[in-house]
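Protein chains in written order, with UniProt numbering: chain D, 1 to 536; chain L, 1 to 536.
Calculated from the structure, these hints are not laboratory results.
Here the structure is a predicted model, which means the values were calculated and not measured.
Hints are not guaranteed to be accurate.
Just so you know, same-sequence chains aren't split out, so a pair can sit in one copy or run between any two.
[Unchecked claim] Computed list of lysine to any residue pairs in SDA-like fashion (alpha-carbon distance at most 25 Å, straight line):
no., residue 1, residue 2
1, K273, P128
2, K273, P465
3, K350, E501
4, K373, L264
5, K87, L321
6, K87, E129
7, K373, D386
8, K373, M28
9, K431, T442
10, K373, G27
11, K431, E444
Protein chains: 2
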Amino acid sequence: MTTPLALDGTVVEMYDTTLRDGAQQEGMNLTVADKMAIAPMLDALGVGVIEGGWPGAIPKDTEFFRLAAKELDFASAQLAAFGSTRKAGTSAHQDTQVRALLDSEAPVITLVAKSDIRHVERALRTTPEENLAMIADSVRYLVGEGRRVILDAEHFFDGYVFDPSYAMRAVATAFEAGASDVVLCDTNGGMLPDWVHRIVTEVRAATDGRLGIHAHNDSGCAVANSVAAVAAGARHVQGTVNGYGERTGNADLLAVAANLELKLGARCLPEGKLADATHTAHAISEVTNIPPYTRQPYVGSSAFAHKAGLHASAIRVDPDLYQHIDPTLVGNDMRMLVSDMAGRASIELKGRELGFDLAGRPEILGRVVDRVKESEAQGYTYDAADASFALMLHEEVGGERPRYFQMESWRASVHFTEAIGGDGECEATVKLRAGGSRVVRTGEGNGPVNALDHALREALVGVYPEIEQFELTDFRVRLLDTSHGTDAVTRVLIQTSSGAETWSTVGVGPNILEAAYEALVDSLVYGLLQAGVDPR
Amino acid sequence: MTTPLALDGTVVEMYDTTLRDGAQQEGMNLTVADKMAIAPMLDALGVGVIEGGWPGAIPKDTEFFRLAAKELDFASAQLAAFGSTRKAGTSAHQDTQVRALLDSEAPVITLVAKSDIRHVERALRTTPEENLAMIADSVRYLVGEGRRVILDAEHFFDGYVFDPSYAMRAVATAFEAGASDVVLCDTNGGMLPDWVHRIVTEVRAATDGRLGIHAHNDSGCAVANSVAAVAAGARHVQGTVNGYGERTGNADLLAVAANLELKLGARCLPEGKLADATHTAHAISEVTNIPPYTRQPYVGSSAFAHKAGLHASAIRVDPDLYQHIDPTLVGNDMRMLVSDMAGRASIELKGRELGFDLAGRPEILGRVVDRVKESEAQGYTYDAADASFALMLHEEVGGERPRYFQMESWRASVHFTEAIGGDGECEATVKLRAGGSRVVRTGEGNGPVNALDHALREALVGVYPEIEQFELTDFRVRLLDTSHGTDAVTRVLIQTSSGAETWSTVGVGPNILEAAYEALVDSLVYGLLQAGVDPR
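Between the sequences and the hints, there should be enough to build the whole structure, so can you do that?
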């Protein structure tokens, strides 16, 4: 759309709090290893600050900062430790919680403080003046120790509506004490964009310091509220990837960045990095193990998917008439849901990534595109199953996949004795030929899939001792409705690791066991192939 | 929050397009029966207009309108048929598609028309004047036939930015021809609230007719854009329940209504009906079979869930400090994720619904609350499993659940012959005592759960012929991470129908079979209990 670029060239700092506020989401439970995996992805995307957690208050977070100081070397991001101002009636340098923030070695410290007088009196149970002193002391002390200090003014908007003068005193106090930014928080998430714009405008008029916005999505307006705050003069935005967070979540940082850059001309991420948004959002959801939301603005798998009806030909000729932005700007693709038009280029690219050059081989490329299309209609997905996709390419390029074994039959079962309070007994038996002989093995497990995995390995490890190294590290099941009808199919994604390498495979079937079997076999075949093992 | 109620008492019409635009969502496939089930729920909620589909263009929709005219009797909603203006170069009364709209017998007809000159020329491939004639003729003809006609001005905002005068001519033409409303559509969903507010304000200044807003969520601002349009003078909002829709979805109609009513003082639904929002949103998601989005504003299961940390006691004493609205206003509940504080009241209410008066029995109520809490921590959910909950109440009130049979053991298995291209053979065997004898039966199915269901019925139907009437009508599986660790558990929800009645049960276990077994047994026990059958 042709519009005035209201923020042309304005730099807005992106502050990611996926690892702290995002981790408050119901059902999310990030380990230290998860945080160590996500932080470099955020740095690679180019966010300005990565908030890692609350050292001193949460033992896992203390450990994360310890490891991060030793092992993480960011290209451009600054690491921030979150914590609160000193307790009432102490001094900042004696406060153990403030001490823990310093000890984290994070170059940025984000202090949360009360700015709503009601919270000061009813939750904090201290005096308005002591709260301001807590802000002043804590900021000054940490700035004096050489840290950049950001103040998160909790419940700012509600507080401002109730008592603007006290809320403003909290802001002024923080700036006077040396805070680099004061972040106005819509902690309860109930604001509307118009209100945010009006209040930020008033605060801007009363202070010279740099303002930030921290929005939650309780009224469904977190993205709009963040954009409204920037339009009114805020230059720092806090949010999370995929909008993770407590209750309805935080502002989706990537949607905010995309709106600010593509629609208003601001600069949020380094040049070209917005094109990594889709990949980063999906990669992080693999770590959090929260399925990506298909309808998520900009990065969702459906975000640029069109049901090809009457307008299919018009969309093909003139896609810009039917999409608000070019999806490649955020690393996404237009998809026609009936016949995929965008597949060829991305499959060629993916093939190259996996070591297959399909550029000069249009026939093979065409066959692979057809197979992907057909498989995806059946419920397969290759986004998170590189190894199954590589095996498919291997077949199309090399003619056949290596046959490490010939399955004769398998059986998996659950046997449950005593209806109430009993324990299920799960076992599986495979009968196959490998290394010139027939092998029959039975495995046990806590579920039938687990038992089948054990039986397969037992049967093959004698002939292929390399399998000993393979470990099943993740297992996910989804029940899908295929697009072509109402019959549900089951999809299983498996992740396997050999220590040195990790790979993912997919299986689809009428039930969980047949789907899992397919993914397990792909996993073993790919592992052996990568290890350079010939069929025996 | 204390704010000026900018729209105090202003009436805004809620136009629901879940059944038409919502059904465009990727993966959604509504049957005629689904639409017949959803429409009365929308009427009960009190929306003003229910758009049912596109009769004449989609055979399923033609059938829906035929059935709706015969069988649906709305308390207050009007039914709308969606279609397009006449084709270029014909007359409205000769156009078969326009004819089909009349034949639908819907009292409201919503015509989609081009208002972006580029779409007229490049997609419709007709002249600007002919497009206006198509609007005028079609509206006038249908109004003359006694219908209320709403004009959806497709791509209005993009069109207005590109060529405001043509976009305005389309609006004026529709009003002159007798349209009751012209709905400004952000078809590509890329608008920001500030732009919507500015453009609607300009359009308002140029016309006296009633304006509506139809927003999509591509920039993450559909709710905010809808609210901005109403603030600028629109008095009709189109949207869908749960924000269903193509790409990133339509505006979430219930979030818009909640914002307009609770934050701006407008009147969208009949008095008190907003409190049905959560229930309606969840009930509709049961029909669409798209899992509810836990973080959905207002109605999501996490929308008022607090991780009880430092502030737990403050939240309990003073909940209004920590939530943007009282959750009961939208039929939702505050939840403390560690210890559920709100459970008692809602369980008492639910008990009453199921015929158990727990008000005077605090001890039983306390035990049930404890069991629910414990069970939910293990992965159970009773929102969608009334029958399992009723059995739990039955046990707590009556002491024990009826024992229709004693399970000795069961076994379910999948047997797969020939690895590639083969078909799995699923069977299950149950051994139990019922009616004084031991019964052993084997069932087959397309999956092990299906086989287990068949075996159970086979074994029991001789003693309890009532089971013959029970039909398993829905079966859903989810893999859950429990809140207390990383071990995934499997949850199975089963819906059973006896023709006259439908009930839902839940089972949780370490694998799909053990979970399904529990839900199947609950389903049979509840069915027999409801039928007044004594254990034999």
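- Within a copy, between copies, both or neither: where do K87 and L321 come within 25 Å Cα-Cα? between (57 Å within a copy, 21 Å between copies)
- Task: Measure nothing new, just compare the shortest in-copy and cross-copy C-alpha distances for K273 and P128 to 25 Å and report within, between, both or neither.
- Result: Neither: 44 Å inside a chain and 41 Å across chains, both beyond 25 Å.
- Message: If the cut is 25 Å between Cα atoms, do K373 and G27 qualify within a copy, between copies, both or neither?
- Response: For K373 and G27, only the inter-copy Cα distance (15 Å) is at most 25 Å; the intra-copy one is 33 Å.
- Item | Alpha-carbon proximity between K373 and L264, which holds within one copy, between copies, both or neither at 25 Å | Neither way: K373 and L264 sit 36 Å apart in one copy and 48 Å across, limit 25 Å.
- Message: Within, between, both or neither: how does the pair K350, E501 come out at a Cα-Cα threshold of 25 Å?
- Response: Only inside one copy: K350 and E501 sit 18 Å apart there, 52 Å across copies, limit 25 Å.
- Message: When Cα atoms must be at most 25 Å apart, do K431 and T442 count as within-copy, between-copy, both, or neither?
- Response: both (9 Å within a copy, 24 Å between copies)
- Item | 25 Å Cα threshold - placement of M28 relative to K373 | between (33 Å within a copy, 19 Å between copies)
- Item | Alpha-carbon proximity context of K273 and P465, limit 25 Å | neither (43 Å within a copy, 66 Å between copies)
- Task: Go through the copies and call it for K373 and D386: within, between, both or neither, with a Cα cutoff of 25 Å.
- Result: For K373 and D386, the Cα distance is within 25 Å only inside one copy (16 Å; across copies 40 Å).
- Given a CA cutoff of 25 Å, do K87 and E129 count as a within-copy pair, a between-copy pair, both, or neither? Within one copy, since 13 Å is at most 25 Å while 72 Å is not.
- Pop the pair K431 and E444 into one bin, within, between, both or neither, using alpha-carbon distances up to 25 Å. Classified as both: same-chain Cα gap 15 Å, cross-chain 22 Å, threshold 25 Å.
Comparing the model with each earlier hint shows violations of hints 1, 2 and 4; every other hint is respected.
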